[in-house]
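Undergrad: Residues per chain are reported as follows:
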Amino acid sequence: MNILVCIKQVPDMESRFKVAASGTWFEESDLAWRINEYDEFAVEQAVKLKEQLGDADLTVLSIGPARVKEALKKALAMGCERAVNIVDPAAAEKDSFQIASSIAAFAKDKSFDVIFTGMQSQDRGSGQVGVLVAELLGIPVLTTAVEFEYTDGSITVRRELEGGLRAAVKASTPALVTCQLGLNTPRYPTLPNIMKAKKKELLEIPIGELLKDEARLTTLALAYPEKKGSALVLEGEIGELVDKVIGILKEKTSVL
Amino acid sequence: MKALLVGEYREGKLLEPTYELVGFAQKLGCEFELFLVGTEAALPQVNAKLYLADVATVGEYNPALHKQLILDAVDKANADTVVFLHSSSGWDLAPRVALALGAAQLSEVVEIKGDGYLLPACNAKLRRTVKAATGKSVITLQAGAFMPAEQSGAPQVEKLTTSTPAQSEFLGYEQAEAGQVDLGKAEIIVSAGRGVGKPENVAMIQALAEALGGEYGASRPVVDAGWAPHDRQVGTTGQVVSPKLYVACGISGAIQHLAGMKKSEFILAINTDKDAPIGEVADVLVVADIKQFAPALTAKLAG
Ligand SMILES: Cc1cc2nc3c(=O)[nH]c(=O)nc-3n(C[C@H](O)[C@H](O)[C@H](O)COP(=O)(O)OP(=O)(O)OC[C@H]3O[C@@H](n4cnc5c(N)ncnc54)[C@H](O)[C@@H]3O)c2cc1C
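Same order as they appear, the protein sequences are chains A and B.
Mapped onto the numbering used here, the consecutive letters of the first sequence carry residue numbers 1 to 256.
Mapped onto the numbering used here, the consecutive letters of the second sequence carry residue numbers 1 to 303.
In short, the hints are calculated from the structure, not lab data.
Every residue, glycine too, gets a C-beta built ideally from N, C-alpha and C.
Treat the hints with care, since some could be wrong.
To be verified - Derived list of chain A stretches under chain B, where covered just means 3 residues or more per stretch with a C-beta under 8 angstroms from a C-beta of chain B:
| id | region |
| --- | --- |
| 1 | 86-98 |
| 2 | 126-132 |
| 3 | 141-150 |
| 4 | 165-173 |
| 5 | 221-229 |
| 6 | 244-255 |
Modelling step: build the complete structure from the supplied sequences, incorporating the hints.
TA: Written out as structure tokens, the structure reads:
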């Protein structure tokens, strides 16, 4: 079986973001980067499927500048066979459609049986790429998977719906699955696997070879949300903070 | 501008957020028609044209068929904008429709801004203003971002059918097991977020909840990691709560968590990050390490 998993590298969401000079994205220097949380579930599920089948080939792909190699290396250390970096220093300026059509252009003639992606990225949160890739390839897509099962050419997932409801859905391979929180617990790469990963193939393809489409979306501005909240912010030494909080709870609530 | 609004239906009922779509169209002041895969027995109360596909023949989750029917409705309505909710069905269908229409998709719109829209970025720490560069656009609306329209009137129904083949098979719904605790009734809730760091530290949050005479809750990553049971989860896919006091410990304030707790009477947040979006709904934000603050507060309350 031929498996593909697509990952994005995103900043740590606890970072202090600064709007870049362009005014349309954030300043990328001085940020800690990691694999998009949802994509880690995708990598784990892909590796699990490979382990289940024994005989399977697993490629991990990421679009972005040179730094995304770190994310790819982690995925290799988690168990992928080879990595592909579609090199694009300006990936952040591409819209979901351009990202998806580049991935689809790469995957088109490689007959992947199962493709995994995260359900969304943590920075953009558009939730479009996985679905678009599948549609462009003309294969079924099952989104928001919280359970995954593969038997004899068919995939069954539990999709997460609102309010604790789930839907069981089945499709035949080739198919694409987008992964949601709770699907699994991503493994930590072991030291021997990190060492092995260094020897694995890491292919680079310039974005220009794959991307032929114009953006369908224009970003006009990026800004901090208008402060609607009027939280009283308390900082200082723990003991003082505790006393202040007890005072406020006594004064403002009926619970103490 | 003319919009086609894609309503939602599940197990015999029209879903209430359908009226948020109408509220959005009214706020925008645009012409609109509706689309629904549902039944005549559960029609939206709106004075507008409604394209109705019968759920018994089309199925509740059958995206290839739903997509084709929506495209037919877009055609009939001569719509340039298709509006979905940003929901499990919306984010599944919207990109399919956008691709087929050659349209831009704007996901999780929270506000209308000039001739563009505002979308959250980076866990709601930032806001992006975007605009479609195409003639047609597909929009998904963040749950609760737009006021639902009043429920009045009756739609003029036009029925649609399709013979498109399915790509996937819907096997049925499963309800998550009912929990032991009903957080909805608790007057005081102290919730643990990923910021508590490790499973052992959830006990610290439990102890604080006890000292305050309340229940403990959790954000989703804490539950997914198995540090707390699912019936403790607060949020869109957990419980919706409105206690007198909600204490958010090491919780960033993602929209799906806020949706479950923002109606609390008084919100106290403890977070090492002064800019955490939880500050948008909190009454008090204590900038501190929860591992130091929680035990200190618990001890003081006890002593
Ligand atoms: C479809 C869907 C449904 C979802 N449903 C839900 C839901 O029902 N409920 C839910 O909660 N989430 C839900 N989520 C997930 C949601 O988007 C967030 O991922 C989640 O709420 C984040 O949880 P958190 O705040 O605990 O963790 P994080 O976002 O990781 O935040 C951790 C916070 O802790 C702070 N912190 C770190 N260390 C410390 C310390 N020592 N002391 C104090 N503070 C510290 C950090 O500054 C940060 O703000 C859903 C997501 C999707 C896509």
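Undergrad: All hints are to be evaluated individually against the structure, with a verdict given for each.
TA: Each hint, compared with the structure:
no., hint, in the structure
1, 86-98, "holds (count 3)"
2, 126-132, "holds (count 5)"
3, 141-150, "holds (count 4)"
4, 165-173, "holds (count 7)"
5, 221-229, "holds (count 8)"
6, 244-255, "holds (count 8)"
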